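Novice: Bring the two chains, given one by one in their own frames, into a single complex with the hints.
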Amino acid sequence: MSIPKPMAQPLDFEAINAAEFLGRLREAGPGGQKAFGQLVRATHEKFLGFIRRQLSSQDECQEVLQEVYLAVHKGLAGFKGESKLTTWMFSLAHHKICDRIGDRNRSHQELTESREAALSTEAADDRLAGATAWDAPPDRLSARNAVEGLIAKAIEALPEQARQVYHLRDVEGLSGEETAAMTGMTPENVRVQLHRARQRIVEWVREKMAGAAAAPVPDGSASAGKPASGATKT
Amino acid sequence: MSGMFYKAFYPCAKVRDFMYDYLEDNLPMVVSIRFHLHLNGCAECREYLYLYRAAANAQTFRKENPPPEEFLDATLDFLAKEGIVDPADEEDRENA
Numbered sequence: 005m006s007i008p009k010p011m012a013q014p015l016d017f018e019a020i021n022a023a024e025f026l027g028r029l030r031e032a033g034p035g036g037q038k039a040f041g042q043l044v045r046a047t048h049e050k051f052l053g054f055i056r057r058q059l060s061s062q063d064e065c066q067e068v069l070q071e072v073y074l075a076v077h078k079g080l081a082g083f084k085g086e087s088k089l090t091t092w093m094f095s096l097a098h099h100k101i102c103d104r105i106g107d108r109n110r111s112h113q114e115l116t117e118s119r120e121a122a123l124s125t126e127a128a129d130d131r132l133a134g135a136t137a138w139d140a141p142p143d144r145l146s147a148r149n150a151v152e153g154l155i156a157k158a159i160e161a162l163p164e165q166a167r168q169v170y171h172l173r174d175v176e177g178l179s180g181e182e183t184a185a186m187t188g189m190t191p192e193n194v195r196v197q198l199h200r201a202r203q204r205i206v207e208w209v210r211e212k213m214a215g216a217a218a219a220p221v222p223d224g225s226a227s228a229g230k231p232a233s234g235a236t237k238t
Numbered sequence: 185m186s187g188m189f190y191k192a193f194y195p196c197a198k199v200r201d202f203m204y205d206y207l208e209d210n211l212p213m214v215v216s217i218r219f220h221l222h223l224n225g226c227a228e229c230r231e232y233l234y235l236y237r238a239a240a241n242a243q244t245f246r247k248e249n250p251p252p253e254e255f256l257d258a259t260l261d262f263l264a265k266e267g268i269v270d271p272a273d274e275e276d277r278e279n280a
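Going line by line, the protein sequences match chains W and R.
My numbering puts the first residue of the first sequence at 5, with every later residue one more than the last.
My numbering puts the first residue of the second sequence at 185, with every later residue one more than the last.
Just so you know, the hints here were simulated from the structure itself, not pulled from any lab data.
Check before you lean on any hint, since a few could be wrong.
A few chain W positions that, by computed beta-carbon distances, are all more than 10 Å from chain R [unchecked claim]:
| hint | residue |
| --- | --- |
| 1 | 16 |
| 2 | 23 |
| 3 | 27 |
| 4 | 28 |
| 5 | 30 |
| 6 | 31 |
| 7 | 64 |
| 8 | 88 |
| 9 | 100 |
| 10 | 103 |
| 11 | 106 |
| 12 | 161 |
| 13 | 189 |
Below, in silico cross-link-like pairs of lysine-lysine (BS3-like), each with a Cα-Cα straight-line distance of 27 Å or less [to be verified]:
| hint | chain 1 | residue 1 | chain 2 | residue 2 |
| --- | --- | --- | --- | --- |
| 14 | W | 212 | R | 198 |
| 15 | W | 50 | W | 88 |
| 16 | W | 38 | W | 50 |
| 17 | W | 212 | R | 191 |
| 18 | R | 265 | W | 50 |
| 19 | W | 38 | R | 265 |
| 20 | R | 265 | W | 78 |
| 21 | W | 100 | W | 88 |
Sample of chain R residues at the chain W side, in silico, Cβ under 8 Å [claimed, not checked]:
| hint | residue |
| --- | --- |
| 22 | 236 |
| 23 | 250 |
| 24 | 259 |
| 25 | 269 |
Just so you know, these numbers come straight off a predicted model, no measurement behind them.
Even glycine gets a Cβ: it sits at the ideal position worked out from N, Cα and C.
So here's chain R without its partners, still in its complex pose (with noise of 0.2 Å):
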């Protein structure tokens, strides 16, 4: 796309601010093409978009080990302590 026409159509600040409503789905339709219009001329804000997206998916690349046995253990120790759970449920302890 020559020159910088996409820029009449909004400026990249106008553009980054509607991209929450645009991740929601939630642009009216007229400015969700002067939107897409700019984007396709708009390399910098496709880049924008795509680390925008990235940081509002960040539940999607949450990756962690599960924690030590002792943590569920020590709670349940704690909760058998405070009568709220039957320390004698030991079976369900070693099934869990």
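Chain W with its partners taken away, still in its complex shape (with noise of 0.2 Å):
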């Protein structure tokens, strides 16, 4: 008679990494399919969010998602790493995302549409309403006021290179080794695009206000709409 095994303790995959995720699905046996789909349903918002912050339409996020699971299970067995499980995750999702940038790359005027799209008066909108339903445009962030807003459509204008550091580092939250170690640039060159991309957020962001502040208002107020700092310059 075989004694069942007890239940593994639940696995922390913000924590593990992936070799000790692989061992964990090697000791479950045919219980590994159980252990995987444990890892979907604890990861997929995370990742889900990741990839629809840098992909607009829900059917290719879909699609994006399940590529990165697929190559999470190909790629366990092969992976020499000893990063954590989700740092290599948000590798292959990045990967993923560029190569669907990419294919749109190749047709140049539909990218540029798409994000003059998200840069619509409607979708911009909808990020400073904090609009953050799932059939909305791709809103990579959602406001609680006006400053988060224009962050918000900041980064959208910002150009490929710098969005995708901005977007690992200070919307992801991974740190300088674990972006560079997936964009393949230098921790150094990660520092400077990162640095400039918030530079150029900022500079965006105060002539947005420095022109909401110079626009004339209806009811004659000279300060509305101006910020708490007075004029701004560059």
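Specialist: Dropping the structure here:
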């Protein structure tokens, strides 16, 4: 009579590294499917969010998410790195997204139109209103206030490489080393790109704020819409 | 603070270049002192720092609704067809 194995401790997918997860899958034998299902349930929201912030179509997001898990399953056995499982998964997702964007870049016009659409008044208003419905346009960030709304719009206007670095570091919260490993840049280059991305965002926001402050207001109040700290300069 | 003497410590562009290291707490002490002396006198750089910090903290104001259940179901169905997850694992799906 076989004695059923005791239930394994729930995995902390944020902490476990890829090699450990592979060990757990092997340990589980045929039950590895269950462990993989747990991985999907525990992480799909995080990775779907990451993908959705960079790709616009829901179908495309779904496809990329599936490709990521497929790649995790195929790649686990051969993965020699000791990095955290989620870091490796971010790397896979990043490459899948780059592939998609690369495909789109081959028809550059389409990408430009999509970016312009994301910056359209309607999409911007959705972000400013904090709209995060899943059928809304790609909503990279939602806003609690006007500055955050402007930052969300400024992110969309970043050049591709800077936007990717900014997303990985400041939106997803990955370390400089993790981002460097994912993008193939040096940590110093990541630092430079990130700093430039933040500066571009700040300058874009200040420009918009200055424009808003300079715009005539219906009630004649000269200070309406003006940032608290006064006029801006570049 | 009268006049523009704060610019003697650093020009605005230099202060803005230091903001990355400032947020990382990586400014050498002397640089940090001059950086703060400039900020004390420069409202525009204070505003710049406020926005720079907000940009760097995008993670804290990111707010999203969870994706619809269908996304998880579709992913699990896809992976079940590939033989990667157990298709009969309905109980877990319900408990997820």
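Novice: All hints, please: hold or fail.
Specialist: Verification of the hints:
1. At the 10 Å boundary, the C-beta of residue 16 of chain W stays outside the reach of chain R, the nearest C-beta of that chain being 17 Å off.
2. With a minimum CB-CB distance of about 19 Å to chain R, residue 23 of chain W clears the 10 Å threshold, and the non-interface call stands.
3. The claim that residue 27 of chain W lies off the interface holds: its Cβ sits roughly 17 Å from the closest Cβ of chain R, which is beyond the 10 Å cut-off.
4. For residue 28 of chain W, the condition that its CB be more than 10 Å from all CB atoms of chain R holds, with the nearest at approximately 15 Å.
5. Against the 10 Å criterion, residue 30 of chain W stays outside the reach of chain R, whose nearest CB is about 15 Å from its own CB.
6. Annotated as non-interface, residue 31 of chain W keeps its C-beta farther than 10 Å from every C-beta of chain R; the closest such distance is 16 Å.
7. Residue-level check passed: residue 64 of chain W sits 12 Å from the nearest beta carbon of chain R, beyond 10 Å.
8. Non-interface call for residue 88 of chain W relative to chain R: holds, since the shortest CB-CB distance, roughly 17 Å, exceeds 10 Å.
9. The beta carbon of residue 100 of chain W is kept farther than 10 Å from every beta carbon of chain R, the shortest such distance being approximately 14 Å.
10. Listed as a non-interface residue, residue 103 of chain W keeps its Cβ farther than 10 Å from every Cβ of chain R; the least gap is roughly 18 Å.
11. For residue 106 of chain W, the non-interface assignment is confirmed: its Cβ lies about 23 Å from the closest Cβ of chain R, beyond the 10 Å cut-off.
12. Every Cβ of chain R is farther than 10 Å from the Cβ of residue 161 of chain W; the closest lies at roughly 13 Å, confirming the non-interface assignment.
13. Its beta-carbon lying about 16 Å from the closest one in chain R, residue 189 of chain W satisfies the requirement of being farther than 10 Å from that chain.
14. Between residue 212 of chain W and residue 198 of chain R, the direct Cα distance comes to roughly 23 Å. Compliance with the 27 Å bound is thereby established for this hinted pair.
15. Under the criterion of a C-alpha separation no larger than 27 Å, the hint pairing residue 50 of chain W with residue 88 of chain W is consistent with the structure, at around 15 Å.
16. Our distance criterion of 27 Å between C-alpha atoms is met by residue 38 of chain W and residue 50 of chain W, whose separation comes to about 20 Å.
17. Using a Cα cut-off of 27 Å, the hinted pair residue 212 of chain W and residue 191 of chain R holds, with the two alpha carbons roughly 26 Å apart.
18. The straight-line distance between the Cα atoms of residue 265 of chain R and residue 50 of chain W is roughly 23 Å, inside the 27 Å bound, and the hint therefore holds.
19. Taking the CA atoms of residue 38 of chain W and residue 265 of chain R, the gap is near 14 Å; set against the 27 Å cutoff, the hint holds.
20. The suggested pairing of residue 265 of chain R with residue 78 of chain W holds, with an alpha-carbon distance near 15 Å, which does not exceed 27 Å.
21. Between residue 100 of chain W and residue 88 of chain W the CA atoms are separated by roughly 19 Å; this keeps the pair inside 27 Å, and the hint holds.
22. Hint status for residue 236 of chain R relative to chain W: holds, with the closest Cβ pair at about 5 Å, below 8 Å.
23. Among the interface hints, the one on residue 250 of chain R holds; its C-beta lies about 6 Å from the nearest C-beta in chain W, closer than the 8 Å criterion.
24. Look at residue 259 of chain R: its Cβ gets to within about 6 Å of chain W, closer than 8 Å, so that hint holds up.
25. Hint status for residue 269 of chain R: holds, given a least beta-carbon distance of 4 Å to chain W, under 8 Å.
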